Amino acid sequence: MNEREIRGLVGKVKAGKLSRRGFVQAMMAVGIGAPVAGQILVSSGVAMAQPASTYKPTKRGGGGPLKLLWWQGPTLLNPHFAVGTKDQDGSRLFYEPLAAWDPDGNLKPKLAAEIPTKENGGLSADGLTVTWKLKQGVTWHDGKPFTADDVVFNWEYAKDPATAAYTIASYQDVMVAKVDQYTVTVKFKKPTPFWADAFVGTRGMLIPKHLFADYIGAKSRDAPTNLKPVGTGPYMFKDFKPGDLVTGVMNPNYHQANKPYFDSVEMKGGGDAVSAARAVLQTGEFDFAWNLQVEDEILSRLEKGGKGSVSVTPGGNIEFLLLNTTDPWTEVDGERSSLKTKHPTLSDPEVRKAMALLVDNKSIQDHIYGRTGPATRNFLYGPPRFDSKNNPIEFNVDKANDILEKAGWKKGADGIRAKDGKKLKFVYQTSINQPRQKTQAIIKQAAQKAGIDIELKSVTASVFFSSDVANPDTYTKFYTDLEMYTTTMGQPDPGTHMLQFVSTEAATKANKWQGRNITRWQSPEADKIYRETEAELDPVKRAASFIKLNDLAIQNQIVMGIVQRPTVSAKTAKLNCNISGWDNNTSDLSDWFKDA
Amino acid sequence: MSRQYVIRKLLIMIPSLLGISIVLFALLAMAPGDPFDELATNPAVPPEVRAALRAKFGLDDPIWMRYWHWLFALMQGDWGFSFVSRMDVSTLIMQRLPVTLVVIGASQILAIVIAIPVGVLAATRPYSLFDQIANTFAFIGFSLPTFFTGLVLILVFSIQLDWLPFVYRADITATGWAFYWEHIKQSIMPVTVLGLFQGAALVRFVRSSVLDVIRLDYVTTARSKGIGERKVITRHVVRTALIPVVTLVALQMPIVFSGAIVTEQIFRVPGIGSLLITSMLSNDTPVVMGVTFVSACLVVVFNLIADILYGWLDPRIAFR
Numbered sequence: 090m091n092e093r094e095i096r097g098l099v100g101k102v103k104a105g106k107l108s109r110r111g112f113v114q115a116m117m118a119v120g121i122g123a124p125v126a127g128q129i130l131v132s133s134g135v136a137m138a139q140p141a142s143t144y145k146p147t148k149r150g151g152g153g154p155l156k157l158l159w160w161q162g163p164t165l166l167n168p169h170f171a172v173g174t175k176d177q178d179g180s181r182l183f184y185e186p187l188a189a190w191d192p193d194g195n196l197k198p199k200l201a202a203e204i205p206t207k208e209n210g211g212l213s214a215d216g217l218t219v220t221w222k223l224k225q226g227v228t229w230h231d232g233k234p235f236t237a238d239d240v241v242f243n244w245e246y247a248k249d250p251a252t253a254a255y256t257i258a259s260y261q262d263v264m265v266a267k268v269d270q271y272t273v274t275v276k277f278k279k280p281t282p283f284w285a286d287a288f289v290g291t292r293g294m295l296i297p298k299h300l301f302a303d304y305i306g307a308k309s310r311d312a313p314t315n316l317k318p319v320g321t322g323p324y325m326f327k328d329f330k331p332g333d334l335v336t337g338v339m340n341p342n343y344h345q346a347n348k349p350y351f352d353s354v355e356m357k358g359g360g361d362a363v364s365a366a367r368a369v370l371q372t373g374e375f376d377f378a379w380n381l382q383v384e385d386e387i388l389s390r391l392e393k394g395g396k397g398s399v400s401v402t403p404g405g406n407i408e409f410l411l412l413n414t415t416d417p418w419t420e421v422d423g424e425r426s427s428l429k430t431k432h433p434t435l436s437d438p439e440v441r442k443a444m445a446l447l448v449d450n451k452s453i454q455d456h457i458y459g460r461t462g463p464a465t466r467n468f469l470y471g472p473p474r475f476d477s478k479n480n481p482i483e484f485n486v487d488k489a490n491d492i493l494e495k496a497g498w499k500k501g502a503d504g505i506r507a508k509d510g511k512k513l514k515f516v517y518q519t520s521i522n523q524p525r526q527k528t529q530a531i532i533k534q535a536a537q538k539a540g541i542d543i544e545l546k547s548v549t550a551s552v553f554f555s556s557d558v559a560n561p562d563t564y565t566k567f568y569t570d571l572e573m574y575t576t577t578m579g580q581p582d583p584g585t586h587m588l589q590f591v592s593t594e595a596a597t598k599a600n601k602w603q604g605r606n607i608t609r610w611q612s613p614e615a616d617k618i619y620r621e622t623e624a625e626l627d628p629v630k631r632a633a634s635f636i637k638l639n640d641l642a643i644q645n646q647i648v649m650g651i652v653q654r655p656t657v658s659a660k661t662a663k664l665n666c667n668i669s670g671w672d673n674n675t676s677d678l679s680d681w682f683k684d685a
Numbered sequence: 002m003s004r005q006y007v008i009r010k011l012l013i014m015i016p017s018l019l020g021i022s023i024v025l026f027a028l029l030a031m032a033p034g035d036p037f038d039e040l041a042t043n044p045a046v047p048p049e050v051r052a053a054l055r056a057k058f059g060l061d062d063p064i065w066m067r068y069w070h071w072l073f074a075l076m077q078g079d080w081g082f083s084f085v086s087r088m089d090v091s092t093l094i095m096q097r098l099p100v101t102l103v104v105i106g107a108s109q110i111l112a113i114v115i116a117i118p119v120g121v122l123a124a125t126r127p128y129s130l131f132d133q134i135a136n137t138f139a140f141i142g143f144s145l146p147t148f149f150t151g152l153v154l155i156l157v158f159s160i161q162l163d164w165l166p167f168v169y170r171a172d173i174t175a176t177g178w179a180f181y182w183e184h185i186k187q188s189i190m191p192v193t194v195l196g197l198f199q200g201a202a203l204v205r206f207v208r209s210s211v212l213d214v215i216r217l218d219y220v221t222t223a224r225s226k227g228i229g230e231r232k233v234i235t236r237h238v239v240r241t242a243l244i245p246v247v248t249l250v251a252l253q254m255p256i257v258f259s260g261a262i263v264t265e266q267i268f269r270v271p272g273i274g275s276l277l278i279t280s281m282l283s284n285d286t287p288v289v290m291g292v293t294f295v296s297a298c299l300v301v302v303f304n305l306i307a308d309i310l311y312g313w314l315d316p317r318i319a320f321r
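These protein sequence lines map, in sequence, to chains E and C. Numbering follows our numbering, with no gaps: position 565 of the first sequence is 654. Numbering follows our numbering, with no gaps: position 216 of the second sequence is 217.
Some hints could be false.
Okay, derived cross-link-like pairs now, DSBU-like style, lysine-lysine, Cα gap no bigger than 35 Å in a straight line [said to hold, decoys possible]:
1) 601(E) - 186(C)
2) 663(E) - 186(C)
3) 451(E) - 630(E)
4) 396(E) - 57(C)
5) 248(E) - 186(C)
6) 57(C) - 393(E)
7) 186(C) - 276(E)
8) 279(E) - 57(C)
9) 429(E) - 488(E)
10) 317(E) - 186(C)
It is worth saying that the hints were derived from the structure and are not from the lab. All values derive from a computational prediction rather than experimental measurement.
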């Protein structure tokens, strides 16, 4: 389906000839997922889908306690300081943003009265202004009203570098202004296709001005409310022991009728993922357990008792293989993998092609990850609107052998291929983690059959993922030929995710290896496509550009997707909860309930 | 016991504690990892924020300067400020301390209560059936790691029988008797696991210590004076034999404070041990420094207490 056809369909929806659902189904039939379809409709002037609520309780409270188990407990409860999921999820019990992302990647209003669209005047045609109308009659937990001043304050608070807020990136480049008591505008410096960042989702939780106004900037760490949140959310703060337990009680004045259902909520932390799964699936001591990085085989066994089930929520996180484009074995100006070098053997495109044929995604899914890691070759696969159909998984040792043979790489006496005295010997590093070591073994075995010798290296996670400039084994230094890890995509927009292919983002000594482009790939074409996405306001064209960028990286074997890493959680049989892969686990907590 | 002796010991403590703190601080400062690592891997957080945070928490200062700041603050009773939780280290420790004291303390008491009578009985009847059974159990007890016995107990008592919860909760909402009952119920497994582990080692220790003493001449003299066997054992043997045991128990006391890392992880006991391990994993050095330094202080203090107890148990050990 091309752009024109899509526009035709959108026209039909507008004219009422085609239902929204019909449109979404038509889009899905050609591989464009529900979220993109929703967003296409919105930006084309059809209101964003609000799926019928499945919330059944007819009165507030009465549901008893809700017991959540996070195997890493929250350590702080200020959403602007919350860097890890655990802290953001914990903050979200009490704080809310203007809008949240639902599982399909649609926006759902929380503190906003409605989602801004072109039709209701919320989005300007030039892509420079978003106008948010706030819900009226909302109060903070201490009874003070929630107004536009609070929203503007959050911008001032987060954008101040002295505050050192982790959310700064969402706020520093925008201008926020109060129009009236219940209206706020967000202005961008240039047309911005992804406007739903500030005040939305994980990084959009709002803190009250009257309690934080004195603690902006350098004094931010002294605010008593950092540890005793006062928000607008469905539950009010009761007690907090960092790393162990957060408790809350029902907010009797919550701004949505008949919600929340539970009388209290507790989030317990600590322990490990397997026993967390056990406490939900096997003993039912807890109602919900988060982020179960456990082999599927174990989860299936625990599920057998029938006390609960595992839910797999798709997102954008990807476990992938990186092929170095620079030479990790030669030091230039005090750094290896320098941009001034070329990889001695991997710079041969035929070798790269052969490597791609030696990655057996299917076996890796089947034998290691199961439901918790569907195989994919793409780097960008979600939301589904960005999932390219052009990169089928191909595992073929014979073909790899053939390609290498034709390219002049001959097997030596030791069975390892060589050309011009250079042997196909690679070092392949990743962090210590059982599924990763198993994956390494599968890839090494296949490579061996094609005459490529792979030496496996595993680095303890606290070193591998650290930014320690002095340590040569960090993933950003990439001082090996191949490496593998999971990169996370926190928002349903691939803008930041795809920075990993932009030349200027290369991780080098000059930027203390903080650049996002770890493979150091230098491609003018990729840069050009990325720049296009930054200015393109039309979501259909923009999605197409992102797909093109993904295909370019995959087809040049810069990176290779191995498996998707969806969010895996466990819930008891009676619990109804909607988990979104694009927002916090607890983003929809007000709507959780249990069947009677 | 001379007062001079105690004062001299106390004075020696100061340089040793300073030395310990310097070593700890230097090790932590030089260890790989950075409390704001997570920020570096997060594309949404610009490097300036990390730089601002490092500056705010003084991480860019030279090590000696940071140590000086730490020491100076400590003199004023300030244990430092957690990078990760953004609260005082002392508050964090105080939140965890009661649970640790109760759970680990109970397990220590259990260990002592079991080990001393069993060890003494075993020693008075060496190679009897009782001795052999006690020895066998002691061997099994300290060869099985706590993570194994913990898991076995969970599988049996929580999963199979469904009698006991395996997630420890510091906040029990029940009141009255139900409150205590819930606390006891959730403490049974962690206390048993730890108590048996420590008790097993202690049994062996008490047994061999009593065996050493029981053959000494003064015991034979006491017996030949016609003193009853029970009295000989309790008055003459056990008292002397307890000296090395006291050393062992006294030196284990700091564990009561610093917690049992593995057991606390298994049962999710929110004690000092789990605080220490999570702080280490997140490179939260002020917390790690706080907990380890308190442990070090306790080791030194309990050493002193052990020295003093020696004199009370056996006046032959003179204080000079």
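Status of each hint after checking the structure:
1. Distance hint between residue 601(E) and residue 186(C) is unfulfilled; the C-alpha atoms sit about 52 Å from each other, more than 35 Å.
2. Distance restraint check for residue 663(E) and residue 186(C): the Cα-Cα separation of roughly 26 Å lies within the 35 Å cut-off, and the hinted pair is therefore satisfied.
3. Restraint check for residue 451(E) and residue 630(E): satisfied, since their Cα atoms lie roughly 31 Å apart, inside the 35 Å limit.
4. Using a Cα cut-off of 35 Å, the hinted pair residue 396(E) and residue 57(C) is violated, with the two alpha carbons roughly 48 Å apart.
5. A C-alpha spacing of about 49 Å is found between residue 248(E) and residue 186(C), which places the hinted pair above 35 Å, so the restraint is violated.
6. With a CA separation close to 51 Å, the supplied pair residue 57(C) and residue 393(E) exceeds the 35 Å bound.
7. As the CA atoms of residue 186(C) and residue 276(E) are separated by approximately 58 Å, the hinted pair breaks the 35 Å bound.
8. Between residue 279(E) and residue 57(C), the direct Cα distance comes to roughly 33 Å. Compliance with the 35 Å bound is thereby established for this hinted pair.
9. As the CA atoms of residue 429(E) and residue 488(E) are separated by approximately 32 Å, the hinted pair is consistent with the 35 Å bound.
10. The hinted pair formed by residue 317(E) and residue 186(C) meets the criterion: a straight-line CA distance of about 30 Å does not exceed 35 Å.
The structure does not agree with the numbered hints 1, 4, 5, 6, 7 stated previously, though it agrees with the rest.
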